[in-house]
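Chemist: Below, each chain spelled out in residue letters.
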Amino acid sequence: MRRLNRVFLYDDGAARALKIEEIAKYLRKELIKVGVEVRGNPFAFYLLQDKVSDYARKIASIKIQDATKKWSSEQEPLYGEIEYEKKMILGKTRASGVLYDGLELQRLFFEVIPGRERSLQFVHIVFSNRLFATWDEHERRYHARVNLCGIPSIISTTGLVEAPAKPRGYYLLRQQYEMLGKDLLELKNSFKGAFIDYEDLRLTEVMKGYAMQSVFYSLVGDPFCQDKGCRLYNAHWQEELIFAQIESEYEFCQRHMSFLEELNEY
Amino acid sequence: MSTEKIEVKEDKTIKELVGEMSLSSAPILLELDGEIFYPDENYDRKIQAGNRLTVIPIIAGG
Amino acid sequence: MNKVTIRHPGERILDELGIPYKKVNQGLFVADGPHACSKLIASACDSGVKFANMTVFDDLVLREGGRVAGVVINWTPVSAMPREITCVDPVALESELVIDATGHDAQVVKKLEERGFIKTKGFGAMWVERSEDLIIEHTGEVHPGLIITGMAVATTYGLPRMGPTFGAMLLSGEVGAQIALEKLRGNAKIK
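Chains as they are written, first to last, in the working numbering: chain A, 1 to 266; chain B, 267 to 328; chain C, 329 to 519.
Derived by calculation from the structure, the hints in this document are not laboratory data.
Every residue gets a Cβ at the ideal spot worked out from N, C-alpha and C, and that includes glycine.
Mixed in with the good hints, there may be bad ones.
[As the list claims (entries may be wrong)] DEER-style ranges, computed between Cβ atoms:
| hint | chain 1 | residue 1 | chain 2 | residue 2 | range |
| --- | --- | --- | --- | --- | --- |
| 1 | B | E273 | A | A44 | 49 to 55 angstroms |
| 2 | C | S366 | A | F45 | 48 to 54 angstroms |
| 3 | A | E261 | C | M454 | 46 to 52 angstroms |
| 4 | C | G444 | A | E199 | 40 to 46 angstroms |
| 5 | B | S268 | A | R28 | 26 to 32 angstroms |
| 6 | A | R28 | C | M454 | 38 to 44 angstroms |
| 7 | C | V384 | A | E199 | 27 to 33 angstroms |
[Said to hold, decoys possible] Keeping only pairs whose Cα atoms sit at most 30 angstroms apart, straight-line, the calculated DSBU-like set for lysine-lysine is:
| hint | chain 1 | residue 1 | chain 2 | residue 2 |
| --- | --- | --- | --- | --- |
| 8 | B | K281 | A | K69 |
| 9 | A | K70 | A | K87 |
| 10 | A | K87 | C | K447 |
| 11 | C | K511 | C | K447 |
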């Protein structure tokens, strides 16, 4: 088990319903001897003003247009796309809906973190509303993700809504609604509570678990657990996610509780 | 895949190392002497026999 | 298909133009299509817009560096005439700015693409919750002299569609107009 020095939390335009300070408070309670610091916008924290355009261009160039085509470094972004990313970097908009290559996005955040802080002893967690996906070589397509553990770890509030599958009945009904031109809000209301939605009041509680996945990634090299009741369970369905993060009778399984107890005894 | 520590047996480049380990297209970071970096940005970097590297896989969830 | 739906905050524009509407759900409103469209056209006319009815967009007027400086139009019936007698010269209209509000077709942007100045991405799949905000945020100048609004924005940048709802179209138009005003003021054409 690795020693952890500090946890840093960043806000890259995450959903307004997300209370990062509450997550920080939770982490301080779980990781008694590890400092937790809230740093706000990662670009505002590290990036010099004259680099904003450069990073806006880099982020605009990692957009995924077609989920069945792997991103290529030859993609040239349009002026309007770069301007949009500038607004995102400067915190002037939180309008999300663009899909990015997750590994490239993580690499851009990595570049921004100073070298002295790039270590697994520091847990960098960026909460973002950017939707990102990773390329699956076997299926030859992108898959949207909730989180990507690395340096930094990125957790997407949009990914939390879109990546884990909703109940099967929802998709069947949605197809009918789309064919009939009916409003999807009505559909969502009939499945209310069955999945985490945008600006969901349960968002912060759920994200505590994903933050701990990033912590365990640094701590033991594996962010996940097979136990469906453990906060570290890697949910692929909304139902599983809600159970692991909210409904389960326990927060962590015995094994991961032991790790935490050992960490807090250091 | 989880974090793996390796000891380099002979002098080589980063490119040769990841090739031998079949990690050329795997999403990983490498750690050497406290420095963490992307292997594909350091392909020409030379490492020596006895160097201890840590292979850090990047892991996606959801 | 006599009704149009508008999501919040698009109803502000309906209020400004005096277009009657009803609330269907929290954040969702409906208006009569003909009534809404006629009020929109009337308010545009009242503001000084001149409509060139029965015309088709034919081509762009380009200046140094590929700057868009106007459009070339022709009379629609010309295309219905026998080809042998369609030698009717088009008309070039020069302007400081061109605004492409041609919807999914993004005709003006596509013409620019034909000439190799830009590459459009083609609009994405439907994503009702996210698309409207993205359209508004991407509205603006895509090429010197060319502002894009509405669904032309989606086609240009490969943004998702939102289905049959129109709030973002109104708001995007407003943003496009504000950007046009700023540019014209910057060029000292309007005080």
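Chemist: Next step is simple, just say for each hint if it's right about the structure.
Modeler: Cross-check of the supplied hints:
1. The supplied range of 49 to 55 angstroms is broken by E273 (chain B) and A44 (chain A), whose beta-carbon atoms lie about 41 angstroms from each other.
2. With their beta carbons about 52 angstroms apart, S366 (chain C) and F45 (chain A) fall inside the hinted range of 48 to 54 angstroms.
3. One distance hint, 46 to 52 angstroms for the beta-carbon pair E261 (chain A) and M454 (chain C), holds here, with the actual separation near 48 angstroms.
4. Distance hint check: the CB atoms of G444 (chain C) and E199 (chain A) are about 43 angstroms apart, consistent with the given range 40 to 46 angstroms.
5. Remark: the range hint 26 to 32 angstroms for S268 (chain B) to R28 (chain A) is upheld by a beta-carbon distance near 27 angstroms.
6. For R28 (chain A) and M454 (chain C), the hinted distance range of 38 to 44 angstroms is satisfied, since their beta carbons lie about 42 angstroms from each other.
7. Evaluation of the 27 to 33 angstroms hint for V384 (chain C) and E199 (chain A) yields a failure: the beta carbon distance comes to about 44 angstroms.
8. With a C-alpha separation of about 26 angstroms, the suggested pair K281 (chain B) and K69 (chain A) falls inside the 30 angstroms cut-off, and the hint holds.
9. With a C-alpha separation of about 26 angstroms, the suggested pairing of K70 (chain A) with K87 (chain A) holds against the 30 angstroms cut-off.
10. The hinted pair formed by K87 (chain A) and K447 (chain C) meets the criterion: a straight-line CA distance of about 22 angstroms does not exceed 30 angstroms.
11. Using a Cα cut-off of 30 angstroms, the hinted pair K511 (chain C) and K447 (chain C) holds, with the two alpha carbons roughly 24 angstroms apart.
Violated hints, in rising order: 1 and 7; the structure is consistent with all others.
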